[in-house]
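Trainee: Residue numbers (the numbering used here), protein chains in the order written: chain A, 1 to 279; chain B, 1 to 279.
Keep in mind that the hints were calculated from the coordinates and are not lab data. Incorrect hints may have been included.
Just so you know, same-sequence chains aren't split out, so a pair can sit in one copy or run between any two.
[To be verified] No more than 30 Å apart at the CA atoms, straight line, and that leaves these computed lysine-lysine pairs for DSS-like:
| hint | residue 1 | residue 2 |
| --- | --- | --- |
| 1 | K62 | K241 |
| 2 | K42 | K182 |
| 3 | K241 | K112 |
| 4 | K277 | K182 |
| 5 | K228 | K42 |
| 6 | K228 | K277 |
| 7 | K2 | K123 |
| 8 | K2 | K62 |
2 protein chains.
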Amino acid sequence: MKIIESIKEFGGYLNRYTHQSDVCDCEMTFSVYLPPQAESGKVPALYWLSGLTCTDDNVRVKAGAQRYASEQGIALIFPDTSPRGDDVADEDRYDIGTGAGFYVNSTQSPWKNNYQMYDYVTKELPALLERNLPLIAGMKSISGHSMGGHGALICALKNPDSYQSVSAFAPICNPIHGSWGKACLNTYLGDDTKAWQAYDATSLVEAGAKVSDILIDQGTADEFYDEKQLLPENFQAACDKANQSVTIRMQDGYDHSYHFIASFIGEHIAYHAKALKSK
Amino acid sequence: MKIIESIKEFGGYLNRYTHQSDVCDCEMTFSVYLPPQAESGKVPALYWLSGLTCTDDNVRVKAGAQRYASEQGIALIFPDTSPRGDDVADEDRYDIGTGAGFYVNSTQSPWKNNYQMYDYVTKELPALLERNLPLIAGMKSISGHSMGGHGALICALKNPDSYQSVSAFAPICNPIHGSWGKACLNTYLGDDTKAWQAYDATSLVEAGAKVSDILIDQGTADEFYDEKQLLPENFQAACDKANQSVTIRMQDGYDHSYHFIASFIGEHIAYHAKALKSK
Chain A
1 MKIIESIKEF GGYLNRYTHQ SDVCDCEMTF SVYLPPQAES GKVPALYWLS GLTCTDDNVR
61 VKAGAQRYAS EQGIALIFPD TSPRGDDVAD EDRYDIGTGA GFYVNSTQSP WKNNYQMYDY
121 VTKELPALLE RNLPLIAGMK SISGHSMGGH GALICALKNP DSYQSVSAFA PICNPIHGSW
181 GKACLNTYLG DDTKAWQAYD ATSLVEAGAK VSDILIDQGT ADEFYDEKQL LPENFQAACD
241 KANQSVTIRM QDGYDHSYHF IASFIGEHIA YHAKALKSK
Chain B
1 MKIIESIKEF GGYLNRYTHQ SDVCDCEMTF SVYLPPQAES GKVPALYWLS GLTCTDDNVR
61 VKAGAQRYAS EQGIALIFPD TSPRGDDVAD EDRYDIGTGA GFYVNSTQSP WKNNYQMYDY
121 VTKELPALLE RNLPLIAGMK SISGHSMGGH GALICALKNP DSYQSVSAFA PICNPIHGSW
181 GKACLNTYLG DDTKAWQAYD ATSLVEAGAK VSDILIDQGT ADEFYDEKQL LPENFQAACD
241 KANQSVTIRM QDGYDHSYHF IASFIGEHIA YHAKALKSK
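Generate coordinates for the entire structure from the input sequences, incorporating the hints supplied.
Mentor: Shown next as structure tokens:
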């Protein structure tokens, strides 16, 4: 991995890197915030998965997360949302292709050549970072927003021993029943809806996946909540039925933007810090 | 004034407005963060003047200021950096014309028709806002970044009774001696350098202007500091000679970006809150 930018912030460093990804077969860009505590020892890490249209840059500029990570001594890992490059399949729409990897391993041509974001964020990237940065091996949690909230939920539910905690902002909780989710899952996985369920948080809970706890914030003025893209009620019902501990906080008057995330990211980072520091 | 957007954040509202400005003779856009305390009473206000190329949007998205304003019960006022519109004079460069009003009253054609940003931010906008929003009349402070740091310093130094406190991030302290400042001042004020001094913070202190105190943060890795656009040393020397209280903190390793501002905006808002709440 090659460092291409380093900006001092809150006493630590916000770095951007590129590397050649094996699983995505292209050059990938990501950012890491290393808190001041990383200068004198290893720190735990919180992975943040971003939403449709984002790169690694949106969250690092807009969420205000670095302040809390600096206080808590936690590294923040900001992967990109898809493979990119001239040789990477794409469509001329915002919700499929680059910027919309949906955190799945594609099985369909031509997408499967590069769109292996599930393996990328759960395996390749953590292994790379634990080899190269002052991170405590295996001591990681995960969160994200919208498509990235979906990503956080499925990564944790499919790998309960790999993440100390999981949270999400306005996640796509049941993508097999929303138009964003259906379009991406059909594109990347084909028309066998059984394959879709392996990447659907609500279906995973229904099938017996379990983590110790889940924290979700959802704004009541979120247009995509109204559009039934997110479906937290379906996730709540599945968790209730499966005795999966979950707290879904309906935040009155908040929308889908980073202003919503900024308002509650401090509480999420405190939630993850508690889990990461209790081990 | 007409509200065109309202986003809930940190329990308050980040609103955007347009209005017809008399002094700039065009439609102007600005944003205001009203903290939760403004729902039950009037609050003091911190004006934030942004830098070259910015609109009202950069600071509200990138600085992380709303969090502290919510805690302190202070409104944040984010004006635009210039007049705008099809009828407004402009040049095809980033450092003169729209996005680069330099917070002066232009005396030169065609700029003088609209570029009256000094009167706009010190008189017209505060009067408009105190008539229309729950703000305590006259209870205001001012801060800003780069060109906006220059703006904050001159607004306070020229109106010491109008602002309870003043601070700045990487301000252009002595624009008559930097290439940005010279280009703007020459464009908007003509070639009489005496006229420039009336909008130059260092010259104003040399000429006897006085405020109770000034807080400045300047990053040591700031490329525009290296380029001698900012010249805080000149301002420090003038303040020392005039017995003007000033604290210029050279922040090791920080650059000119909003990541630098985000790192210290909380301390600046606490500094202003102390002044605004002691009256």
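Trainee: None of the hints should be skipped; say for each whether it holds.
Mentor: Evaluation of the provided hints:
no.	hint	result
1	K62 x K241	neither (36 Å within a copy, 41 Å between copies)
2	K42 x K182	neither (40 Å within a copy, 49 Å between copies)
3	K241 x K112	neither (35 Å within a copy, 69 Å between copies)
4	K277 x K182	neither (38 Å within a copy, 54 Å between copies)
5	K228 x K42	neither (42 Å within a copy, 39 Å between copies)
6	K228 x K277	neither (36 Å within a copy, 45 Å between copies)
7	K2 x K123	within (19 Å within a copy, 51 Å between copies)
8	K2 x K62	both (24 Å within a copy, 26 Å between copies)
Consistency with the previously given hints fails for numbers 1, 2, 3, 4, 5, 6, ordered from lowest to highest.
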